[in-house]
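**Q** The chain contents come next:
There are 6 protein chains.
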Amino acid sequence: MEKRTRNPRKAAQRRSGAAKALRARSGPRTTAPARASVRKDSAARESRVVPGGAAATDDTVITALDLDAAPLGPAMAAYFDKCREKLGFVPNVLKAYAFDMAKLEAFVAMYNDLMLAPSGLSKLEREIIAVAVSSRNRCYYCLVAHGAAVRQLSGDPVLGELMVMNYRAAKLTRRHRAMLDFAEKLTAEPWQVEEADRETLRKAGFSDRDIWDIAAVAAFFNMSNRIASATDMRPNRLYHAQARTSAEEPL
Amino acid sequence: MEKRTRNPRKAAQRRSGAAKALRARSGPRTTAPARASVRKDSAARESRVVPGGAAATDDTVITALDLDAAPLGPAMAAYFDKCREKLGFVPNVLKAYAFDMAKLEAFVAMYNDLMLAPSGLSKLEREIIAVAVSSRNRCYYCLVAHGAAVRQLSGDPVLGELMVMNYRAAKLTRRHRAMLDFAEKLTAEPWQVEEADRETLRKAGFSDRDIWDIAAVAAFFNMSNRIASATDMRPNRLYHAQARTSAEEPL
Amino acid sequence: MEKRTRNPRKAAQRRSGAAKALRARSGPRTTAPARASVRKDSAARESRVVPGGAAATDDTVITALDLDAAPLGPAMAAYFDKCREKLGFVPNVLKAYAFDMAKLEAFVAMYNDLMLAPSGLSKLEREIIAVAVSSRNRCYYCLVAHGAAVRQLSGDPVLGELMVMNYRAAKLTRRHRAMLDFAEKLTAEPWQVEEADRETLRKAGFSDRDIWDIAAVAAFFNMSNRIASATDMRPNRLYHAQARTSAEEPL
Amino acid sequence: MEKRTRNPRKAAQRRSGAAKALRARSGPRTTAPARASVRKDSAARESRVVPGGAAATDDTVITALDLDAAPLGPAMAAYFDKCREKLGFVPNVLKAYAFDMAKLEAFVAMYNDLMLAPSGLSKLEREIIAVAVSSRNRCYYCLVAHGAAVRQLSGDPVLGELMVMNYRAAKLTRRHRAMLDFAEKLTAEPWQVEEADRETLRKAGFSDRDIWDIAAVAAFFNMSNRIASATDMRPNRLYHAQARTSAEEPL
Amino acid sequence: MEKRTRNPRKAAQRRSGAAKALRARSGPRTTAPARASVRKDSAARESRVVPGGAAATDDTVITALDLDAAPLGPAMAAYFDKCREKLGFVPNVLKAYAFDMAKLEAFVAMYNDLMLAPSGLSKLEREIIAVAVSSRNRCYYCLVAHGAAVRQLSGDPVLGELMVMNYRAAKLTRRHRAMLDFAEKLTAEPWQVEEADRETLRKAGFSDRDIWDIAAVAAFFNMSNRIASATDMRPNRLYHAQARTSAEEPL
Amino acid sequence: MEKRTRNPRKAAQRRSGAAKALRARSGPRTTAPARASVRKDSAARESRVVPGGAAATDDTVITALDLDAAPLGPAMAAYFDKCREKLGFVPNVLKAYAFDMAKLEAFVAMYNDLMLAPSGLSKLEREIIAVAVSSRNRCYYCLVAHGAAVRQLSGDPVLGELMVMNYRAAKLTRRHRAMLDFAEKLTAEPWQVEEADRETLRKAGFSDRDIWDIAAVAAFFNMSNRIASATDMRPNRLYHAQARTSAEEPL
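Chains as they are written, first to last, in our numbering: chain A, 1 to 251; chain B, 1 to 251; chain C, 1 to 251; chain D, 1 to 251; chain E, 1 to 251; chain F, 1 to 251.
I should point out that these hints are in silico values taken from the structure, not numbers from a laboratory.
Hints are supplied without guarantee of correctness; some may be wrong.
A pair counts as met if it fits within one copy or between any two copies, since identical chains are not told apart.
To be verified - Derived pair list, reagent style SDA-like, types lysine to any residue, alpha-carbon separation capped at 20 Å:
hint	residue 1	residue 2
1	Lys185	Ala64
2	Lys185	Arg168
3	Lys185	Ala196
4	Lys82	Glu189
5	Lys82	Gly205
On a predicted model such as this, the values are computed, not experimentally measured, just so you know.
Sequences are here, hints too, so could you generate the full structure?
**A** And the structure:
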């Protein structure tokens, strides 16, 4: 069902998203003149509707690897059902791992412990670490999925954007700034992290157990970002529109 | 009216956005125990509503510089009126430049020529260059404002996200990929751009005049990104929710 | 037992390793003269024996975080026993995770699946990916522990050194060079990995499942390297001398 | 008149500058022996005169793009005349923009406001920012043209070289060092610029308006450098020899 | 005798080291199936002995350049004899330079003055600078040869590994940390070294003459690392196993 | 005679060069107003003459290290005399090394062999490698001294500027471009240099001996650049104005 074949039709279909959207708008390019005369932008061209768009197939073709889905074991079948019930869909990362039950189960166990188990860090704090790390690594899958989580958990759609774009532009408490500076340094230059960096976290009020959790979340997304980039993993389309308006916003 | 004072109350208010949102969620941090006991995430804590959020004051405090707005000259007054009529608001970048009419007028003249005048590049193509460049430079203002423009001009909300996050993850035509690869290289390592790079654009169908326009848009946003970062320019809040759903999306 | 306290004595003791070794050799530095006279190197000074050395306490103080070991659950107790039986010791990374059974179990499950389960990659191939990634991230713990594994699995002590120092200096088959180039790029610039990179692996004979495994091992060590660097994790001293001579070497 | 054609003869001629200079000196290379015998440097070879040299055609072929000059409008015609009168020539950057009057006028308006209008920064200060930024971006055109401006405005030929090569090697006041450090950071890592950087400028005596001007000049040359690199813009040859000796120098 | 020919047989032999070691272990790869079935790791395969290994020819083929050894002059002949007597072999770097006596003699004179002449830095201190610099430059030859020297001079095999892998992970005195931080910065970003960096060394107890020596050793290995990388210089195999156990170690 | 003292007066004098030049031009800064009014640039201020300038003391204070000159041995005394006779002065780098005859002699021997002995590379070719490497390392001393050498040996003042600013902007033969690309890569990322890079040089007509010489010159300046940066070495003022006009230039 989640199987991904590599026949030419699908590949073409996959590639057609953004291509179609932009081509539709920039008009026919069949004649590239030796010296281009300046063409008029037609307002009409800009406003045409594009059925499909940049990620039309994101929910059917999940990665660039051709791996058959394995039969779900009972635990994972129940977990997928729970996802559908709570989220309305199964996150594509889970379908991507579902070619091998041992790998899927190990991933789910580690993810749930890190992101949902009791911790000195709130769930929202763990999600903003996830997004700040994914921003440094420019991971499309994780920015889309966890950007949505930040918007939902915080009720603040702008906060999600800030974490995706540049956490330094957000107005953060000293606690959160210290937390994200540590995660960023650990992502960009892990070999430079030293006692002084841990001390900065302690001075910002974090316990040694909190430091482990900050490090573990940042480290986990350094793994996930790379799995996603290595396989061209596509996020579920539904994430994009989630939690885009805050309760009190006049729009 | 657009004056920005630097009194302590306002500064505090400015800084309070994301700080408040996250603090509300992570609970009181008054007692940092020598050895942190692991605290339970309370579901209640996560769901509280935050009036304001990460960018509450973005529309009142536009930059970190304390510069008095100058009286608008007649041309700029008319231009601001036109913005209000067409967009519903005056983009904050214009208010930021409004401390000096000569600077505002020069910026508006160059911007309008580059982004709106006839060109072999469609307006959407120019906007995706703007966003891809701003992504490399992690410019919060430009990513918010021009990300919204890409969503609107394309009718494809996912395309805007892709340009913000990592244009390489989008499924682009050879034309658009060549255009963005050139803009990225010109942004990151301008000293490495050579004839071979121009030839790649020519082979992708661009005329020499198109190459100028690609270069000029990419170069302009390398300027704008730096003005915005140097002054901590804040985008109008209204951009965030614009064009988040495409016509055919079931949501 | 594996508890790590933060009292001053231990901290001093921890810091004393390399310090003592080098100080012993460079002689008393108590009088830093305004203009240093050039002192003679005494041969005697160079040859003194240092009890302890640069990592004297590596096996007693495992990380820089003050976390109490939790009681081992039955599965993990059995696993630690198996380590002692097969390796002669429990790898410090396991002791570092042992403050929390859920975290330890998730780590062990993922590690064993990745590094030991059936795969198109041999165990040695997985270990050389681990070391090449850890070299890029300059992770002391992982270079020591997995460098030893490469020496042991290959029976070639020089191969371990090459992976630690610069895999490009090794004389590798096209298969192994492609595998390590992919792992290196995924480590250094994950946002640049694209279909062309996957195609290079396919042309070097790797299946799509193999590509997942290469990516998963590289990604996992990008996580582990960062856990180790964030916590200043120290490798067991025994690794250093393991498998330093090959069968046929005359030494 | 300023038209640039792309016929093969001109291209060959363009490329011949440095090539000829160096080839003339390194002697005939027609026979690359399988094992090179070490050839004697002949003193004669080193001293031959090269008519033309590395940039022989810089004043006739201004960019690598084939764009026809548009007829100059009256304002720009007057401006070009003024350049000839005051400088003795029209700077090539103006000829490069002269294919389109709207673009030329917008560039001239912004440039003149930034570099010549009243400001808390002297003209020389604005020029040293221009050169320091262009040095970071290794922009040949801007280093030549604005390096000459620094030499002329300061009467100090060494200062121009210092800004081109490494501004950190100059003996600067705290004011100028702070100014250039800000410009350099804004050029290299705009996403890292924050309130602390603005505070450093304020402490060095700059007003908020001065900060805008520092940022605006640095940002403008980040644009110009990229236009020049994207189009391979060549500086007027006359710049090279300008202001090479200071009044009091004994040479 | 030390002549290096470039005939195909030798080249093939050279390349075969690591290739053979790894291929032997990963089994026959003749049939790359369209969809790889997951193959079992056979324990047998992992344990096979490889005669030769990753650097089998390191002592016969010293660089990738085909240069005939010149006849040794009397001074250099005596020096080579002294090497054989004291070390048991002639370091390959000397054989690499031996195609030209003037170059060999200049190298030996500079090396011996820097590393062996009287200095405020002990010989061990000079060697750890050599290794830390070579680690930043990932120079295989220098890491092998000078890593062995650190192990021997210190009697601490772990210290050698720490310098090769990441000197920041070692527990160093302030003196040695300052010394290596200076060497690292001078290696990575020489243009950023300024008076403040020299002052840090002075505060750590170094005289101005010591600063010269730190700089000179770091600079020299920035030269040697590049000669070795440019020519693919191979270290003598004997270095790898030298000084791997300390006096007091139970192994 | 060449002694450098560290008394406060000299230090102040040293620092005063560029500082004075710029301060003279930007007027008194004694009153930094809370809100800076925009001050007029006075033409007068810009044109004042500055006695001294940015490097006034370059010929009296040669490095930032306080090292006494040693008595010159007879060989070095003769060499200094020869410099005065042929160049008109003793290059400051020689005075910097003159605190220790063994170091001075080793440097001179290596330098003269590399830059002046017979080679398949002309002297000019060796000098352009020196400048291109020094440009990557932003070494003020070497850019000034060897930039002058390129201007003199080539008779082409523009070629010197091109090598200082960005060698990619010069119109070079394939031979020279390959040579400089190799030198640049060896400077920036020596660990990435491989057989393919050497093959590119061979295809451009270089023998293996030539490759050694390219590597050796590039490597040597990677050493010299760092000695100069570590010690803040100042070039002789006379270099700046040397060979600024070519024979056929109309100026």
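**Q** If you test the structure against every hint from before, which numbers come out violated?
**A** 4, 5
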